[in-house]
Every structure is written in structure tokens, then in C-alpha cells.
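**Student:** Starting from the given sequences, assemble the full structure and let the hints guide the process.
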Amino acid sequence: MTTDAPPRRPSRTARLLSASAAAAALLAFAGPASAEKIFVSNERDHTMSVVDGATLKVVETIKTGRRPRGITASPDGKLIYVCTSDDNRVEVYDSATHKLVKTLPSGPDPELFVLHPSGNPLYIANEDDNMVTIVDVNTGQKLAEVPVGVEPEGMGISPDGKTLVNTSETTSMAHFIDTATNQIVENVVVDSRPRVAEFRSDNKQVWVSAEVGGTVSVIDPATHQIVKKLTFEIPGVTAEAIQPVGVKITKDGKTAFVALGPANRVAVVDTETFAIKKYLLVGQRVWQLAFSPDESRLYTTNGNSNDISIVDVASDKVTKSVTVGRSPWGAVAVP
Amino acid sequence: MTIPLRRLTAATLAALLAGASLAPQAFAQGAQAPSAAPASDGPKTPLPAPTPRAPQPGGDRRAAPDPDWPCIQPKVGALSYGQMWSGAPLEQALETWRQDEAVADLVPVIVARRTKPEELAAELDTFAKAAGAEKNAKLTLLFAGAFEELNTTRSAILTGIERYARKQRTLSEKIKQESLKLASERKDMATQNSPEFQQKEQERDWDTRIYDERSQALTYVCESPVILEQLAFTLGREIQARMD
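First to last, the sequence lines map onto chains L and C.
Mapping to the UniProt record's numbering: the first sequence position 318 is 318, numbers consecutive.
Mapping to the UniProt record's numbering: the second sequence position 196 is 196, numbers consecutive.
Honestly, the hints are just simulated from the structure, not real lab data.
Certain hints may be false.
Output of the computed footprint for chain C on chain L, the stretches with three or more beta carbons under 8 Å from beta carbons of chain C [unchecked claim]:
| hint | stretch |
| --- | --- |
| 1 | 175-189 |
| 2 | 229-242 |
| 3 | 278-292 |
Keeping only pairs whose Cα atoms sit at most 20 Å apart, straight-line, the calculated DMTMM-like set for lysine to aspartate or glutamate is [stated by the list, open to error]:
| hint | chain 1 | residue 1 | chain 2 | residue 2 |
| --- | --- | --- | --- | --- |
| 4 | C | K75 | C | E162 |
| 5 | L | K317 | C | D244 |
| 6 | L | K320 | C | D125 |
| 7 | C | K44 | L | D191 |
| 8 | C | K44 | L | D220 |
| 9 | C | K75 | L | E240 |
| 10 | L | K99 | L | D52 |
| 11 | C | K44 | L | D178 |
| 12 | C | K174 | C | E185 |
| 13 | L | K320 | C | D244 |
| 14 | L | K63 | L | D45 |
| 15 | C | K174 | C | D68 |
| 16 | L | K317 | C | E238 |
| 17 | L | K78 | L | E36 |
| 18 | C | K116 | C | D105 |
| 19 | L | K320 | C | E238 |
| 20 | L | K204 | L | E272 |
| 21 | L | K78 | L | E295 |
| 22 | C | K135 | C | E91 |
| 23 | L | K278 | C | D244 |
| 24 | L | K63 | L | D86 |
| 25 | L | K162 | L | D220 |
| 26 | C | K116 | C | E223 |
| 27 | L | K228 | L | D191 |
| 28 | C | K129 | C | E118 |
| 29 | L | K204 | L | D160 |
| 30 | L | K320 | C | E118 |
| 31 | L | K251 | L | D87 |
| 32 | L | K142 | L | D129 |
| 33 | L | K102 | L | D87 |
| 34 | C | K176 | C | D205 |
| 35 | L | K162 | L | D136 |
| 36 | L | K142 | L | D87 |
Pairwise CB distance ranges (calculated) [to be verified]:
| hint | chain 1 | residue 1 | chain 2 | residue 2 | range |
| --- | --- | --- | --- | --- | --- |
| 37 | L | S192 | C | Q202 | 49 to 55 Å |
| 38 | C | A156 | L | P117 | 51 to 57 Å |
| 39 | C | Q202 | L | K99 | 55 to 61 Å |
| 40 | C | T153 | L | L56 | 30 to 36 Å |
Note that the Cβ used here is the ideal one computed from N, Cα and C, for glycine as well.
**Tutor:** In C-alpha cells, the structure reads:
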């Protein structure tokens, strides 16, 4: 569209024609075939990188509010939600045009959040306020605040949307919250500095990573008992460098991926036997993880090497790294 | 909607006490298993009373204060090779890499910060090609050498930064004493115009200037360990990409 500009001002008809051609081109691009995009929040650059899933190149860098961290997408993939922690709000972007659509109130210092599986409401962890804020994404109204432990961070929601799990870093607890009443049902003590909570698709396990504890607690949501505590050992890596953060489990529930922070590795774990199949070397200070929509790939954000790594899920191999902005924090991929 | 945490804790405790006598009854009536009790009963494990934030670990912007560590970046001690190497254990290679002439020649080149990425790629390609069938073993030796060199340099920088921080502390104390002394001696015009007083004042001003300039340089100095760690990781990635 922008190339080969004609030397003379074109006629009105020609301009209309080219405009409609441009619209047609845009529509063609909006088609489902291999149009995957990966959105990456860059904490230190106050930007979001947009990576084309086919070419694995950064196609655009969007300026966001200050300190973008948690990032997620609406179930239809049309909207991208970003926590801009230092601006104390959630920003909503159109995934097709990359434009800011609106902002939502978040409470102070939003770090991570999770959408209800239906796409509404949004549950936000307020790191400085010991609260989980619940916001209606359509009206932008705060629906409720749930007091939790100190420094809330990780947010996981059950596939049926009935149970929310929030982790609080200093209190070292996973808080199970009933989404019908917005009340805490139970608090489960886990290891030091829990960062992320992730449900298995059959609702039978919640995985909670503990960054300082160096473990992942697998909790049965029905009984609130820890059924397994995973530890990690990597030859040639000191125990202190193993700091579990991001956790993702495949839709079939069989395989979990755990990002191990400054160990620069992602552990591949069988969710039934809890055997650790592999430690994939990705990038420096691997933080959060995201699947491609078809789950053929896993994307990892590497905060210190300023890139994302692409893992082929079928072969458990790291295939490529793509440089993004400074301190990439979170990622989400949409079709 | 906001409930103060203190009140919630009290309510939680009350619910806990009530729940202790009510739960078996409800269970006997076959209503619900205890684990599926309504949310209004409150959690079995209450939230603790509000606690101050725990000291933060390394790898976080709120690292616990260490007077000898002046950087915003968390202090990370020695690097471990597993953070950047997924190949075979390096213990033996770390002992022997210097004995290989080609490796010993190339290590200083690839660890130098002035070596550009494209030069690095070309050097590694040439080295891998020359190694022939021994490619994997030679590349392993090469990484071991680069890792050891970078780790040693990095450790020396860490020690240097701590020494720098101690010197700055001493200098800041000296400036404080000089200023206090000058203030106590600044009695009248005659004293202030005396060569001794002016010399002392100039000395204090010089010390302040040195302190300020060193403080500004700190931003760059503090980046050095991080840059070296990034370089070690990049070398690991590039070298492993050339292995079969």
C-alpha cells in the first residue's frame, strides 16, 4: 500500500479504488490461515512486541503504559489485555490493528491477572495492596475486591470458572477463592515466594510454582491437599539458580512446562508420573510461558537475554530465539 | 466491598471455631463433605495477620540492602555453566582447554567485548570447519575456555565493585567531616579569606566532585557483570548451534 507512490495526485476514483483494495487486503490478512501473532510485554521498554507467527519476525513494537507485565487475550483472540503496573491500570488492545481500545481500572500495581474462561470478568492481583480486584471488562466497573495475603501475584482459574487461585509471594500461600461468592474457601501454605498458579484442564490439579523455594506444589483442588512437591536438579546449575516461575500445561493435561528463571531452563514434566523428561535450555532468566493457539509451540520470555525462545512441543526442542524489547516479561499468542 | 484484613482474620477465626462443631453435624446429615463446605464457613487455614514484606531474594529489584553492594542489579556470585550449556558436563574440558592450541588462541578473541557478532560467527564457523570430525569435542573445549575466562573476569569485577563501594563510603564520610570542620571554622571574613581556609574548602570541593563522578560511573560499572553473563550465554548459544 505504501510502496510505489504515484508521482502525481491520483484521481478521486483511483483513490477510492486503492482504498477499497487496501480494505480487501486487510480482510484477506484477517483470515485464519497461519496468521498467528505473539504479543510480548517488555517490562523495561514500556512496549509490547508483536511477532508474526509465520515469519517469527517482530512486525511492530507498540508503546504501552509504564512497566507492562501480565498479558492475556480474550477467548476469541481479538483483544489483548496488558497490566501496566506503574500506571495502575489494564490496557486493552485490538489484536488486529494493534491500537489501544480502552483502559480498565485495576487497583494499584497490577502484576498478573486471569480472565474468566467466558471472557469476563478479569481477576487482577494487586501486588502492593494485598487485594485481588475483579473487573467487568465490558463496563469497566470494579465488581469486588478480595483481601488476600501479602504481595499477591499468581492467578489461575479452573476450566469451569468456579475456582480462582491467587498466590501471595510474602505470605507464601495459594488462596482458593469461590468465584460465585468471591470469598476465600481455603489457604494452602506452599514454599517461599509462589509466583504462578495453573490448573490442569481436567480440574484435578493446580500447579503452584515457588520461586525462592525452588519447588512446584501440585495441589488437588477438591481436597486442597498438596499431592506432589516437585524439585529440580540440573547438572552444572547451582540450586539457587533454579527459581520456578511460569507454568503451562497442555490442553490434553499430559505435559507441564515449568520455567526455571536464572537456570535458563524449562522443565518438561509428565503430570501423571511427575517424571521430569527434559530440561530445555532457552534464554536468560526465563520468566513466563505461552502456547501457540494450536499448542504446537511454546513461547518463553527471557528477561535477561531480551528474547523469546520457541519450543517445538511435539519434539521438545528449542528451535529458534527472536529478539524483542528489553526485559520481556509475558507473552500471549492469538490466531 | 473492601474488607479490612484484620476483620477478615477475626471472622475467619470465628468461622473456624464454629466450623469445628458444625462440620460433623452437616456431614452426618449427608449434606456435603467437609471439603465442599459452603464458602461462608471460611477457610480452614486462616490468613496470617498482616506481615511486613519478607527480605527479597536476588533476582529482584527489591534486593536486601548490602552496604558493600552499591548496584541496583542483584548480586549474583559465580556463574554455573549449566545456565548456558546443555551439552555434556564440562568438568574435564575446564581442566584441559588450555592444552589445545587452537582453542587457547581463539578464546581471548571470542570473549573480547570488541568482537562483533558477525566476526564471532565467522570465527566459530572457521574453527568448527577446521576441527573436522572432532568438531563437537573441540567446540566443547572452546566453550569451557570462554566460560572460565568470562567467569574469572566477572569475579574480579564483582570484587572491584565492592572495593569501589567501600571507597565511596570512606570518601563520603571524609566529605562530611571536612564540611563540618569548615562550618565550625567559618567565623568571620578574615578566616574565610585566609589561604588555609580556602585550601580546605577547595579540597572539600574536589572530594565532592570525585565522589559525584564516581557515583555516575557506577551505573556503567554495575552493568558489567550482567553484560559478561549475557556474553557467556550468547557464546554458549552460538557454539552449541554449531554442534551436531
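**Student:** Against each hint, give a clear statement of whether it holds in the structure.
**Tutor:** Status of the hints after comparison with the structure:
Counting residues of the stretch 175-189 of chain L whose C-beta sits closer than 8 Å to any C-beta of chain C gives 12, which meets the bar of three, so the coverage hint holds. Note: the stretch 229-242 of chain L has 7 residues with beta-carbon separation from chain C under 8 Å; the three-residue rule is met and the coverage holds. Proximity of the stretch 278-292 of chain L to chain C, defined as three or more residues with a beta carbon under 8 Å from a beta carbon of that chain, is established by the 6 residues found. With a C-alpha separation of about 10 Å, the suggested pair C:K75 and C:E162 falls inside the 20 Å cut-off, and the hint holds.
With a C-alpha separation of about 14 Å, the suggested pairing of L:K317 with C:D244 holds against the 20 Å cut-off. Of the pairs offered as hints, the one joining L:K320 and C:D125 holds, with about 19 Å between alpha carbons and a cut-off of 20 Å not exceeded. Taking the CA atoms of C:K44 and L:D191, the gap is near 19 Å; set against the 20 Å cutoff, the hint holds. Taken as a hint, the C:K44 and L:D220 pair is honoured in the structure, with Cα atoms around 15 Å apart against an allowance of 20 Å.
Taking the CA atoms of C:K75 and L:E240, the gap is about 12 Å. The hint holds against a cut of 20 Å. Taking the CA atoms of L:K99 and L:D52, the gap is near 16 Å; set against the 20 Å cutoff, the hint holds. Of the supplied pair hints, the one linking C:K44 and L:D178 holds, its CA atoms being roughly 14 Å apart against a limit of 20 Å. With a C-alpha separation of about 16 Å, the suggested pair C:K174 and C:E185 falls inside the 20 Å cut-off, and the hint holds.
A threshold of 20 Å between alpha carbons decides the hint, and for L:K320 with C:D244 the separation of about 16 Å falls inside it, so the pair holds. Taken as a hint, the L:K63 and L:D45 pair is honoured in the structure, with Cα atoms around 8 Å apart against an allowance of 20 Å. Pair hint C:K174 plus C:D68 holds up; C-alpha atoms about 18 Å apart against a cutoff of 20 Å. Only pairs whose Cα atoms come within 20 Å are accepted, and L:K317 paired with C:E238 is accepted, the gap being roughly 16 Å.
At most 20 Å may separate the alpha-carbon atoms for a hinted pair to count; L:K78 and L:E36 meet this at roughly 12 Å. Of the supplied pair hints, the one linking C:K116 and C:D105 holds, its CA atoms being roughly 17 Å apart against a limit of 20 Å. Of the pairs offered as hints, the one joining L:K320 and C:E238 holds, with about 12 Å between alpha carbons and a cut-off of 20 Å not exceeded. At roughly 11 Å between alpha-carbon atoms, L:K204 and L:E272 fall within 20 Å of each other, so this suggested pair holds.
Of the pairs offered as hints, the one joining L:K78 and L:E295 holds, with about 18 Å between alpha carbons and a cut-off of 20 Å not exceeded. Only pairs whose Cα atoms come within 20 Å are accepted, and C:K135 paired with C:E91 is accepted, the gap being roughly 18 Å. For a cut-off of 20 Å, the pair hint linking L:K278 to C:D244 stands: about 18 Å separates their Cα positions. This hinted pair checks out: L:K63 and L:D86 have alpha carbons roughly 14 Å apart, not beyond 20 Å.
A distance of roughly 15 Å separates the Cα atoms of L:K162 and L:D220; the hinted pair therefore holds under the 20 Å criterion. For the hint linking C:K116 to C:E223, the alpha-carbon distance of about 19 Å falls within 20 Å, and the restraint holds. In summary, the hint linking L:K228 to L:D191 is supported, as the alpha carbons are separated by about 12 Å, within the 20 Å threshold. Our distance criterion of 20 Å between C-alpha atoms is met by C:K129 and C:E118, whose separation comes to about 17 Å.
For the suggested pair L:K204 and L:D160, the alpha carbons sit about 12 Å apart, so the restraint of at most 20 Å is met. This hinted pair checks out: L:K320 and C:E118 have alpha carbons roughly 18 Å apart, not beyond 20 Å. Between L:K251 and L:D87, the direct Cα distance comes to roughly 34 Å. Violation of the 20 Å bound is thereby established for this hinted pair. This hinted pair checks out: L:K142 and L:D129 have alpha carbons roughly 15 Å apart, not beyond 20 Å.
Taken as a hint, the L:K102 and L:D87 pair is honoured in the structure, with Cα atoms around 14 Å apart against an allowance of 20 Å. Straight-line distance between C-alpha atoms of C:K176 and C:D205 comes to about 11 Å, which keeps the hinted pair within the 20 Å bound. The suggested pairing of L:K162 with L:D136 holds, with an alpha-carbon distance near 16 Å, which does not exceed 20 Å. Restraint check for L:K142 and L:D87: satisfied, since their Cα atoms lie roughly 17 Å apart, inside the 20 Å limit.
Checking the proposed 49 to 55 Å range against L:S192 and C:Q202 shows it holds: the Cβ atoms sit about 53 Å from each other. Between C:A156 and L:P117 the C-beta distance comes to about 53 Å, which sits within the given range of 51 to 57 Å. For the hinted restraint 55 to 61 Å between C:Q202 and L:K99, the CB-CB distance of approximately 59 Å keeps it satisfied. Checked against the given bound of 30 to 36 Å, the beta carbons of C:T153 and L:L56, roughly 34 Å apart, stay inside it.
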